[in-house]
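Residue 67 is where the sequence shown starts when you use this note's numbering, and the numbers rise one by one after that.
Careful: at least some of the hints might be erroneous.
[Unchecked claim] No more than 20 Å apart at the CA atoms, straight line, and that leaves these computed lysine to aspartate or glutamate pairs for DMTMM-like:
hint : residue 1 : residue 2
1    : Lys227    : Glu276
2    : Lys175    : Glu255
3    : Lys250    : Glu314
4    : Lys250    : Glu230
5    : Lys368    : Glu298
6    : Lys183    : Asp251
7    : Lys175    : Asp309
8    : Lys177    : Glu237
9    : Lys175    : Glu230
10   : Lys175    : Glu298
11   : Lys368    : Asp309
12   : Lys177    : Asp88
13   : Lys183    : Glu218
14   : Lys227    : Asp242
15   : Lys250    : Glu218
16   : Lys175    : Asp242
17   : Lys227    : Glu265
18   : Lys175    : Glu145
19   : Lys227    : Glu237
20   : Lys250    : Glu298
21   : Lys177    : Glu265
22   : Lys175    : Asp311
[What the hints assert, rightly or not] What follows is a list of derived Cβ distance ranges for each label pair:
hint : residue 1 : residue 2 : range
23   : Ala380    : Arg259    : 42 to 50 Å
24   : Arg254    : Ile304    : 38 to 46 Å
25   : Gly114    : Asp151    : 15 to 23 Å
26   : Pro307    : Ala379    : 32 to 40 Å
27   : Glu349    : Asp309    : 52 to 60 Å
What the hints contain is simulated information worked out from the structure, not anything from laboratory work.
Just so it is clear, the structure is predicted and the values come from calculations on it, not from any experiment.
From the three backbone atoms N, C-alpha and C, an ideal C-beta is built for every residue, glycine too.
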Amino acid sequence: GCGHNLIAAAAAGAGAILAEYDALPGIGHACGHNVIATAGAGAGAALGAALGTLPFPGRVQVIGTPAEEGGAGKVKLLEAGVFRDVDAAMMIHGRCGTQVWRPSLGIIKVKAEFHGKATHASSWPWRGVNALNAVIQLFVALDQMRQQLRPEARVHGIIVKGGEQPNIIPEYTRADFYLRALTKDYCRELLRRFTACAEGAAAATGCRVEVTTDPIVHDPLKPNAVLAGVFEQNLAFIDFPVDPDDGEAGYGSTDCGNVSQALPTIHPYIRISPDGVPGHSREFAEWARSPLARAGMVAGAKALALTALDLLAAPATLEQARDEFARTGGSR
Numbered sequence: 067g068c069g070h071n072l073i074a075a076a077a078a079g080a081g082a083i084l085a086e087y088d089a090l091p092g093i094g095h096a097c098g099h100n101v102i103a104t105a106g107a108g109a110g111a112a113l114g115a116a117l118g119t120l121p122f123p124g125r126v127q128v129i130g131t132p133a134e135e136g137g138a139g140k141v142k143l144l145e146a147g148v149f150r151d152v153d154a155a156m157m158i159h160g161r162c163g164t165q166v167w168r169p170s171l172g173i174i175k176v177k178a179e180f181h182g183k184a185t186h187a188s189s190w191p192w193r194g195v196n197a198l199n200a201v202i203q204l205f206v207a208l209d210q211m212r213q214q215l216r217p218e219a220r221v222h223g224i225i226v227k228g229g230e231q232p233n234i235i236p237e238y239t240r241a242d243f244y245l246r247a248l249t250k251d252y253c254r255e256l257l258r259r260f261t262a263c264a265e266g267a268a269a270a271t272g273c274r275v276e277v278t279t280d281p282i283v284h285d286p287l288k289p290n291a292v293l294a295g296v297f298e299q300n301l302a303f304i305d306f307p308v309d310p311d312d313g314e315a316g317y318g319s320t321d322c323g324n325v326s327q328a329l330p331t332i333h334p335y336i337r338i339s340p341d342g343v344p345g346h347s348r349e350f351a352e353w354a355r356s357p358l359a360r361a362g363m364v365a366g367a368k369a370l371a372l373t374a375l376d377l378l379a380a381p382a383t384l385e386q387a388r389d390e391f392a393r394t395g396g397s398r
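Full structure from sequences and hints, please.
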C-alpha cells in the first residue's frame with residue numbers, strides 16, 4: 067500500500083501494531099503477554115481484511131516484539147531500523163484496570179561484583195575477606211537510602227551468587243539490580259547513589275567491587291496525548307469502560323518506552339483481572355487465561371484496529387500526533 071505506515075504492538079498502537087510475546091520464568095503469563103500478542107495479531111487480522119475495501123490508502127504492519135522481560139527486544143528492533151518508516155506505534159497491556167494514560171518508569175540495569183579472599187570458615191576465618199558480607203552490606207545501605215528517594219523511584223535486586231558452601235568464606239559474590247525512575251536524569255542519579263553504596267560496602271568489608279551497567283537503558287514511557295485520545299474514544303465506541311487510577315500501585319517499566327521516545331506511541335492498559343491483582347504474580351497468571359482476559363483481549367484488538375483506521379482516514383489527526391510529539395521533546 068501507500069500513504070501512512072501504522073504499526074500495532076500486542077497492545078494498542080497507531081502507526082504500527084506491536085505483538086509482544088514473552089513470559090516470566092517459573093510463573094508463565096503473569097504479565098499477560100499472551101493477551102498482548104493475541105490482541106495485536108487480532109487487530110492486524112481485522113485491518114488486513116478491511117484495508118482493501120476502504121476508500122483511503124495505507125499500510126499497517128504487525129511487528130512481533132519478543133524479549134520484553136529483560137531482553138529489551140524493542141530497543142534492538144529500533145536500533146535495527148524496524149521503526150524507521152513508521153508514523154505511529156500502538157499496543158495494549160493487560161492489567162487489573164483499564165487506563166489509557168498510565169506512565170512507566172525508565173530502568174538502568176546494574177550489577178555489583180565483590181571480590182574477597184577464601185579461607186576455611188571455622189579454622190581460619192580471620193585469614194579471609196568475606197565477599198558475602200559486602201553484598202549484604204550493599205543491601206543494608208540501599209535500604210537506608212530508600213528513605214531519601216522520590217516516591218515513584220524503585221531500587222530492587224537479587225543476590226545471584228552468594229558463595230559456594232558454608233565452610234568457605236565467600237571470595238566472590240554478585241547482585242543484580244534495577245534502578246527505576248520517571249526520568250532518565252533521576253535514573254542516572256540513582257546509579258550515582260548505588261555506586262557510592264557499593265563502594266562503601268566494599269570499603270567496610272575489605273573487598274574490591276566492580277559496578278557494571280547494562281549498555282541498554284529502558285526509557286520512560288511517553289504516551290502521545292493525541293493518539294491516546296483517539297484510543298479512548300474507541301473504547302467508548304465499543305462500550306468498554308475506562309477505570310480511574312486509584313494510585314494504589316506503583317509503575318512498572320517497558321521497552322516500549324524507547325519506542326515512545328522515538329515516535330508517537332501509546333501503550334494503554336486493558337482490564338484482564340479484578341481490582342488489586344498484582345502483575346508478576348501466580349494469581350495474575352491465572353486471570354490471564356480467564357474469560358475476563360479474553361474479553362479484554364477482544365476489546366483491545368478492536369480499539370487498536372479502530373484507532374489505526376482513524377489515523378489512516380484522517381491524516382490531520384496523525385499530523386496533530388506528530389506535532390504533539392515534537393512539542394513534548396520527541397526526537398523524531
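Going through the hints against the structure:
Only pairs whose Cα atoms come within 20 Å are accepted, and Lys227 paired with Glu276 is accepted, the gap being roughly 14 Å. Between Lys175 and Glu255 the alpha-carbon distance is near 13 Å, which keeps this suggested pair within the 20 Å criterion. The straight-line distance between the Cα atoms of Lys250 and Glu314 is roughly 24 Å, outside the 20 Å bound, and the hint therefore fails. Of the supplied pair hints, the one linking Lys250 and Glu230 is violated, its CA atoms being roughly 37 Å apart against a limit of 20 Å.
Distance restraint check for Lys368 and Glu298: the Cα-Cα separation of roughly 12 Å lies within the 20 Å cut-off, and the hinted pair is therefore satisfied. A distance of roughly 37 Å separates the Cα atoms of Lys183 and Asp251; the hinted pair therefore is violated under the 20 Å criterion. Proposed proximity of Lys175 and Asp309 is contradicted: the alpha carbons are some 32 Å apart, above 20 Å. The hinted pair formed by Lys177 and Glu237 meets the criterion: a straight-line CA distance of about 17 Å does not exceed 20 Å.
Pair hint Lys175 plus Glu230 does not hold up; C-alpha atoms about 25 Å apart against a cutoff of 20 Å. A hinted pair counts as satisfied when its Cα atoms are at most 20 Å apart, and Lys175 with Glu298 does not qualify at roughly 33 Å. For the given pair, Lys368 sits about 18 Å from Asp309 by alpha-carbon distance, which is consistent with the 20 Å threshold. Between Lys177 and Asp88 the CA atoms are separated by roughly 23 Å; this puts the pair beyond 20 Å, and the hint is violated.
The suggested pairing of Lys183 with Glu218 is violated, with an alpha-carbon distance near 38 Å, which exceeds 20 Å. About 10 Å separates the Cα atoms of Lys227 and Asp242, which keeps this hinted pair within 20 Å; it holds. About 13 Å separates the Cα atoms of Lys250 and Glu218, which keeps this hinted pair within 20 Å; it holds. For the hint pairing Lys175 with Asp242, the CA-to-CA distance comes to about 8 Å; that is within 20 Å, so the pair holds.
Simply put, Lys227 and Glu265 have alpha-carbon atoms about 18 Å apart, close enough for the 20 Å limit, and the pair holds. For a cut-off of 20 Å, the pair hint linking Lys175 to Glu145 stands: about 19 Å separates their Cα positions. For the hint linking Lys227 to Glu237, the alpha-carbon distance of about 11 Å falls within 20 Å, and the restraint holds. Restraint check for Lys250 and Glu298: the C-alpha separation of about 28 Å exceeds 20 Å, so the hint is violated.
Between Lys177 and Glu265, the direct Cα distance comes to roughly 13 Å. Compliance with the 20 Å bound is thereby established for this hinted pair. In summary, the hint linking Lys175 to Asp311 is not supported, as the alpha carbons are separated by about 28 Å, beyond the 20 Å threshold. Checking the proposed 42 to 50 Å range against Ala380 and Arg259 shows it holds: the Cβ atoms sit about 47 Å from each other. A hinted range of 38 to 46 Å holds for the C-beta pair Arg254 and Ile304, which are about 42 Å apart.
The supplied range of 15 to 23 Å is met by Gly114 and Asp151, whose beta-carbon atoms lie about 19 Å from each other. Checked against the given bound of 32 to 40 Å, the beta carbons of Pro307 and Ala379, roughly 25 Å apart, lie outside it. For Glu349 paired with Asp309, a C-beta distance near 18 Å fails the hint of 52 to 60 Å.
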